[in-house]
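**Q** Residue numbers (our numbering), protein chains in the order written: chain C, 1 to 639; chain S, 1 to 639.
Be aware that a few hints might be false.
Some but not every residue of chain C turned toward chain S, in silico, with C-beta under 8 angstroms [claimed, not checked]: (1) A119; (2) V123; (3) V140; (4) P162; (5) P193; (6) G196; (7) L381; (8) I523; (9) V524; (10) P598; (11) L630; (12) M632; (13) G633.
Since the hints were derived computationally from the structure, they do not count as laboratory data.
Note that CB positions come from ideal geometry on N, CA and C, so glycine has one too.
Number of protein chains: 2
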Amino acid sequence: MALVKENMHITLKQAWTLLREAITQIAPELCSVQHCYERLLAADLLSQRNVPHYNASAMDGFALSSASTAHATPSSPVFLRRDEFARLNTGGVLPASFDAVAMIEDVALSSDGEKLTVAKTLVAGENVRPVGEDVFRGQVIARVGERISPPLASLCATAGIPSVSVQALPKTLFIPTGDEIIPLEEWLSMDEPPAGKVGESNSFLVQGYFSRWGFPVDIAPCLPDNPEVLSEFLLKKAEEYDLLLVGAGSAKGEKDYTFSIFEKYGKPIFRWLLMKPGRPASAALLRRAVAVNLPGFPMSNAVILWSIVYPILQLLQKGDFDESSAIQEALGAEGSEEMSLLVSCSSSPGKEEWLRLKCVEIDGRKMAYPLPSGASALWSLAEIDAVSLLPLESAELPKGSAVSVWTTRRIPWKERILFQGSNDPALERLPSFVRKQGGDLLLRSVGSLAGLAALSRRECHIAAAHLFHAETGEYNTPFIDELFHDPETVVRRRVFFREQGFITKKGNPKKISGVRDLDREDIVLVNRQRGAGTRVLLDALLEEADIHPSAVRGYNSLSPTHFESANRVALGFVDVALGIKSVADALDLDFIPVAEEPYELVYLKEFESLTGLKAVLNALDDKEWRAGVLRMGGYRWAE
Amino acid sequence: MALVKENMHITLKQAWTLLREAITQIAPELCSVQHCYERLLAADLLSQRNVPHYNASAMDGFALSSASTAHATPSSPVFLRRDEFARLNTGGVLPASFDAVAMIEDVALSSDGEKLTVAKTLVAGENVRPVGEDVFRGQVIARVGERISPPLASLCATAGIPSVSVQALPKTLFIPTGDEIIPLEEWLSMDEPPAGKVGESNSFLVQGYFSRWGFPVDIAPCLPDNPEVLSEFLLKKAEEYDLLLVGAGSAKGEKDYTFSIFEKYGKPIFRWLLMKPGRPASAALLRRAVAVNLPGFPMSNAVILWSIVYPILQLLQKGDFDESSAIQEALGAEGSEEMSLLVSCSSSPGKEEWLRLKCVEIDGRKMAYPLPSGASALWSLAEIDAVSLLPLESAELPKGSAVSVWTTRRIPWKERILFQGSNDPALERLPSFVRKQGGDLLLRSVGSLAGLAALSRRECHIAAAHLFHAETGEYNTPFIDELFHDPETVVRRRVFFREQGFITKKGNPKKISGVRDLDREDIVLVNRQRGAGTRVLLDALLEEADIHPSAVRGYNSLSPTHFESANRVALGFVDVALGIKSVADALDLDFIPVAEEPYELVYLKEFESLTGLKAVLNALDDKEWRAGVLRMGGYRWAE
């Protein structure tokens, strides 16, 4: 069945409406009380017993007849014979001839146990937990739709309810597909996976979220990109499962057979969302199941799990879902709040766009900045603190814009310190040592100058710079004097010296000897971004050598970190990069030394009282970190 | 080893300090990546692979050498021969001789496939996901202490990490004890459980919370109250488990052997808490395990699970816990907030006291009122919306006091309607039907007069009354005129008429014929609370019969509901109660009719726009509810 045009390229809200219309709740099921935790009641729950089921003593004391204590007071007690009272422990059975329990404090038992002196008048039922006090037989103890909490499960057991009618959990099958996919067990056992193949890891994302949501999911074997095999498998499984998730390979290219199968054998619900990432998703009814085509890239896969699959599970289980809270629940978000963007973000108008965010609090204001995006990046998805879904109409969002975010983990606001500044691989090892000191250090590599500027605008707690000032021959000082109204408010801490130089392929095949080779026709450079200390150094070197930047091939191609630019050399994309020795060593590249430069941390004096900043400063003295830095090569301590 | 006196009768905070000193973290363990969801990392996690592990095309296009596209523009394109390009799908392998991928939009392929026209100059690496773009081999991808989210598990798999070092989950054994305990399977299979025995249901509470917290727990068979058996078992299990929870029977009385065993064989940590309920808890080190004595009553058991056992699990797993959030986490509370008490509460000074609360929002103000307490009541524990732990110094808390509460379930604030007023069993069946209409009705039986007064003070949304005014012979009107400044603001809806009468034991053994028998020496009554419509009626009847209340035995013993007072008759505690026919029928008691009275709902006109109130009014027309009411007996519809 072909899809009507209106159901292609639609918004999430439109997709939700279509799903709501297409999907009906599955039938409830009986669940034994032993396994009913966290399930949702499909009917009111009636007690099968009185609780307690007998008249029980509410305390340790003596059962007696209240009538026999009429007018008893401490000054005129009554005396009871052996057959007029009985010793009871808490929970003990009140004998039928008695109707009250006297507390031990209100009575005295004779030494031979034959006589009880009672100094208080009791009323019928006193200190007795009568039959049904807690719950009557037939009483409604919980109502349809409620979640079975541990106390409710315990009450069910006590109330003699052996099984409860609950909303059934949909049965789901995830089916990874793609010729390039290697099953996970095999992938993990490989020493060197072949090029062009990828490990089947999306099932991990699916299993992880399903387990978090409390839904079961089975994982099918990987299927090849073969429409016959796929359709036969899907049609068979559509009879066994309530929900089929077809996972596309990450490199499927034009070979998307899944939707054709939906059209041929099923009833399509929608295709393509106005969403980035996540666009290639589609859904259909197939036999008695709901089927969803999940995009292959991890981030695309994740957003469809949150925004489409979770609502479908709710519809199957409960017949409805709450549009205002569905994504928040799916994310396991602790809440939703407004934060201010630390940097400007551009969004594609006409598409809802997902941002992956890190968060920090500075001067009492909560701020967020996006991690590198791209649907294929898994690291930034694993690293996020929060997620935002920018509305359809968002375009350029200037710095300081308020965005509504869902926080996906507990953020250590008070311990967290944001670093913006010069990239350095030794510093990248510091956060684990800061954590040992009770702090939490976020690193954002923006280059030396941008870091100092951010600090001057109070957009980070700490910066780092190695900015060479050619006119004075000084490092950093002229830049700090320029940026900060009062340089006295700034604390500078020189951490180490590091060797800068030209990084070339192993063996230096193009015989590069220094800056004077950079304008050669056969040499391509990769540069760093404007304001990076390394670029400032390169410019000074070029100036000194009287080479104009336009004469250097690759001058305008940029890398944000030492590692990435050195990696481009290692991969053969370029011939040379200016960078530090530790990175050349790590990637086994040649290194032609140019300068030894000081690397300085800079922060505002007033931030010294912050827990997190203290932890950073302490971590700088950590022996294990320092030993590791020396082993990296090209570093010398400043002291 | 005997416990020092300072560690007896201590506050929760003191207990936490002692636990922190006594308990050390257990050793971390390796966990396969397939089972690592939600575990906490015990060490930094380093990538074992580059991701991607080959240079991959970032899109569908043509691989080529960027150098060959120098100066290409749409107006002066370059032409490449068959061996100078290669077709690639997204994720495809970039051949070693090429360094960029041209997008399909920027090229044209000749019909014979031999020539590619390129209209754009590419830079090296363009549209390529280079080796290690997402993650480098050796890069820290997550740090010690972090929880393994689904994306992180997926990243581990992709990065070739087959197992991860995680903080170990403590092994826990729950040991139910007590001669009066019946194992649950047996309990559930019984038609009529014997008096004096109770079902072992605390293990349900323990299992439910442990599963919610993500910790495993084993349940031992029930042990008898025998110190030799118990000590032998505990000492054996203390070698196998990290944590032993000894569950006391609910009716243990003086037979608490557990702590003696702790003292004889272990190192006691504390005994008795200044907490209500929860006082009888104790803890010790026993062999290599931590052992906790859990009180038997459900609520006492629950509070010790939240406030002692959860922190111990954290200490064993992580070596620490956050005192400010531990109880909130243990409760699974969504947050903590201040609410205003709807009624006054008395607390025992010198003890921290737990309140079980229901919550409602009226006029934009969130308010809470306690459910019947008592450590033995399981229903109110299952029914709560929120919990509060009143501090040590709290004594009498007047109505309106602000208390800090943890909400333990999502509260439907906007749909929720609070009823205060006359108790009626037919009305008690209404909330399920209100829920069908999208509302949520809380019932609080306080009596007719107290309900109207609460409504006049805007402390509920809806009230119900059947107040007979002897002077005028009218129902309700004189009371409403007195309480409400402008009776026009009030809407009255007569729901049904119900029969009131004297309820006696089956067969009326004391031959009670009416009010004139109530001053007989051999007759004991149970009364209703002041302001209850039924009591107002009784007083009118006594006045008419010229009987002074002091002549009626039991006039001052009170029951809050029709069901409870009729139950006292059924149990033989009293001879007679005034009440409605449906309750006499339900409990198979005799009924001597006295009057048919109108039962009226009363609400403020301005509340009519509330979603919840609309749902209540709609539910009153529900055919199923109405049919059920008629079957109860003693009701007649008002129309």
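**Q** Each hint: holds or not?
**A** Each hint, compared with the structure:
1. A119: Violated: closest Cβ of chain S sits about 20 angstroms from C:A119, beyond 8 angstroms.
2. V123: Status holds, d = 5 angstroms.
3. V140: holds, 7 angstroms
4. P162: This interface hint holds because 4 angstroms falls under the 8 angstroms limit.
5. P193: Holds, about 6 angstroms.
6. G196: holds, 4 angstroms
7. L381: At about 4 angstroms, which falls below the 8 angstroms cut-off, the nearest Cβ of chain S leaves the hint on C:L381 intact, so it holds.
8. I523: violated, 12 angstroms
9. V524: Holds, about 6 angstroms.
10. P598: Not OK, violated: C:P598 not within 8 angstroms of chain S, min 26 angstroms.
11. L630: violated, 17 angstroms
12. M632: It is violated, given that the least Cβ distance between C:M632 and chain S is near 11 angstroms, above 8 angstroms.
13. G633: Interface hint status for C:G633: violated (14 angstroms vs cutoff 8 angstroms).
In the structure shown, a violation is registered for the earlier hints numbered 1, 8, 10, 11, 12, 13, in ascending order.
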